[in-house]
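So for the sequence shown, the UniProt record's numbering puts the first residue at 1; every next one is plus one.
Hints should not be assumed to be uniformly reliable.
Here are the simulated DSS-like pairs of lysine-lysine, each with C-alpha atoms no more than 30 Å apart in a straight line [as the list claims (entries may be wrong)]:
(1) K411 to K362
(2) K362 to K317
(3) K317 to K411
Quick caveat, the hints were computed from the structure, so don't treat them as lab data.
Values in this document were obtained by computation on a predicted structure and should not be read as measured data.
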Amino acid sequence: MDISDSALFKGMLSEAEFAFAFFDADSRIQRVNDVFSDVVNVPAERMVGRQPVEVLAADLSQIITHAVQAVIESDAPVTEGRVRVRSAEGDTRHWSLSFSPVHDDAGELRAIALVGLDVTESRQTEEALRRSEERYRSLVEAQSQLVWITSPTGAVVEDAPQWRAITGQGLEEYLASGWLEVVHPEERQHTEEAWREALRGRTMFEWNYRVRTRASGYRHFEVRAVPIIRHGRVVEWVGANTDVTPQREAEEMRGRLTDQLGAAALRTARLQGATAMLAEALTVEQVVQVIIDVGRTALAADRSAVALLDTDRAALKLINGEGILEASGATGDEIPLSHSNVMTMAVNSRRPVFAESPESLKAQLLEAGGDEEVLAGFLAHGDERAWVGLPLLAAGRALGALRFSFTRPQKISQEDGVFLEALAGQCALAVERATLFEREHRTAETLQRSLLPDRLPVVKGLVLAQRFRSGSRHVQVGGDWYDAFVLQDGRVAAVVGDVMGKGVKAAAGMGRIRNAMRALALTNPPPAAVLTGLDRVFEATEEEEQVTTLAYMVVEPVTGEGTLALAGHPPPVLVSPQGTAILCDAEPGTPLGWPTSRRQFRFVVPPGHTAVLYSDGLVENRKRGLDAGLAELCSVVTEAPPEVVSSPHMLLDFLVDRMLSGYEQDDDVTALAIHVPPATKSD
1 MDISDSALFK GMLSEAEFAF AFFDADSRIQ RVNDVFSDVV NVPAERMVGR
51 QPVEVLAADL SQIITHAVQA VIESDAPVTE GRVRVRSAEG DTRHWSLSFS
101 PVHDDAGELR AIALVGLDVT ESRQTEEALR RSEERYRSLV EAQSQLVWIT
151 SPTGAVVEDA PQWRAITGQG LEEYLASGWL EVVHPEERQH TEEAWREALR
201 GRTMFEWNYR VRTRASGYRH FEVRAVPIIR HGRVVEWVGA NTDVTPQREA
251 EEMRGRLTDQ LGAAALRTAR LQGATAMLAE ALTVEQVVQV IIDVGRTALA
301 ADRSAVALLD TDRAALKLIN GEGILEASGA TGDEIPLSHS NVMTMAVNSR
351 RPVFAESPES LKAQLLEAGG DEEVLAGFLA HGDERAWVGL PLLAAGRALG
401 ALRFSFTRPQ KISQEDGVFL EALAGQCALA VERATLFERE HRTAETLQRS
451 LLPDRLPVVK GLVLAQRFRS GSRHVQVGGD WYDAFVLQDG RVAAVVGDVM
501 GKGVKAAAGM GRIRNAMRAL ALTNPPPAAV LTGLDRVFEA TEEEEQVTTL
551 AYMVVEPVTG EGTLALAGHP PPVLVSPQGT AILCDAEPGT PLGWPTSRRQ
601 FRFVVPPGHT AVLYSDGLVE NRKRGLDAGL AELCSVVTEA PPEVVSSPHM
651 LLDFLVDRML SGYEQDDDVT ALAIHVPPAT KSD
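Work out the full structure, taking the sequences as your base and the hints as a guide.
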């Protein structure tokens, strides 16, 4: 066939979104399309008949020349992974290149074909996913991390139920031989040596190893352990193992997909698009929506369904997809695994199920024990004519199944099967990650709230109210906190603080500062004295780069007479019974640990008034600066109805809801109200 005379081929070259180029046996360029010309930034007429080294950039010409020679020598396709090319606009683009031999009817090599696919968006998506995974791993990310504690000498002294649930160890076995016994034999010695070295040096222990699970398989874990030091002595070690098997599997999956790029470029591009969307899906609901969209666009499926496995009930729980009966004989959203349909067969066999016609479906379901009468009724009254069932597998463990159906017979080619299995693998990873995210998000918020007071004190002549709204979207414990307690002389101490940052570091700093502040306030309550003492504590226990602010006041019940001190914190707002707002003009001071002379100011909450202490998350965000937020807070107060102004609980609800309305919450929001009831005749 003479390629140059083919009108069809010319049309494909001109309309394709891929870059095409053809080389002869002497590595000379014979033909290119416009996309290739744009990529290399060289007009087509300058390239035809010349070798790459004569017209292309040095690095790109070297890659192409070596690949073309490899195809000529081996008479086999060559894939060149990813190469970087700078566009005419100066942007860096990533391209995947594949080279294939082209033979004539006699089997002689006539040309070498280059096909290039722009994978820049995929590369950016993968890079964003990698950064996201690194950013949000922390020591207490429950469920995905297994937390353990040892004595100062490294001996296991406390139970770790999560660890034993994964490894299958009994309590006595775990306490006797510890975690090292389930580390892979090939890695155990080096792991133990590194652990002993960390114990001797009292340094952070960071390592990677495989762990034998209850099912006798191995999963990959990253471990990090830190010494807890008090008064110069190690009192214990706290460690956490992070299961990174999904990341390893994702990397292996991406590698397999890259190998198939030359044979199925369009299909791989669609899969990469699906992977990118799945990577952005945080919840199971979002993952399901992506799967439905992919089924509609990439597979042209008429209906899609997702079901997750309930191992306790031995059944599939439908997340979406109503009326999926087939031969299951089940109704509603639960399908027992003992009943036969496309999804249960996929889960039970751990293999894809392809039914290209009603006859094929009937034969497979009857063989699996389906009810012929139910199946006949389904096929007679339904409009579906082809089905695909895919198991969702993670490390060989079934999570659920996907179901795609078509209202016309569908031929499932081998390439389609590869694509569908790859898609199911990506969906399984996304489902596993989303399930863990939802659990971990709830756990993180519970942990954060557990570090705050269970309740506020009840004091005659004073009403206290608080609101805390977590901003832990990515399973990170924050550093916002509040506290209120009665001093020995009957006055009430109230404080709102903010340890900048997220994660265990911020939470630990919050706990230390809160405990220290209580101790100082109970012994020497004046705000200036407490802040001075906290400065000394901060210098002794906290890192230099740690920023912590707080607002602390002491108030007399009934009269509302009080004093206030600020450490780099937003000023309190005083709300009158008439609904006016006054920002305290006290000197803001500097954050804790900064050398300064601490000052306190008289701050009165007259009867009928309410003072509100708050964290910066209430007034400041990515779209609103601090000054604008403070002005908006005062404006919002004036809009509060009288019944809201007179109730500190309703007032806080009103302020938080209105201040966050229209903005994406990206930080914790903490508010503490101190209300002095108006005087009555009985008083």
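How the hints compare with the structure:
In summary, the hint linking K411 to K362 is supported, as the alpha carbons are separated by about 16 Å, within the 30 Å threshold. A threshold of 30 Å between alpha carbons decides the hint, and for K362 with K317 the separation of about 23 Å falls inside it, so the pair holds. Note on K317 and K411: the hinted pairing holds, with a Cα-Cα distance of about 29 Å set against a maximum of 30 Å.
In this structure, none of the earlier numbered hints is contradicted; all agree with it.
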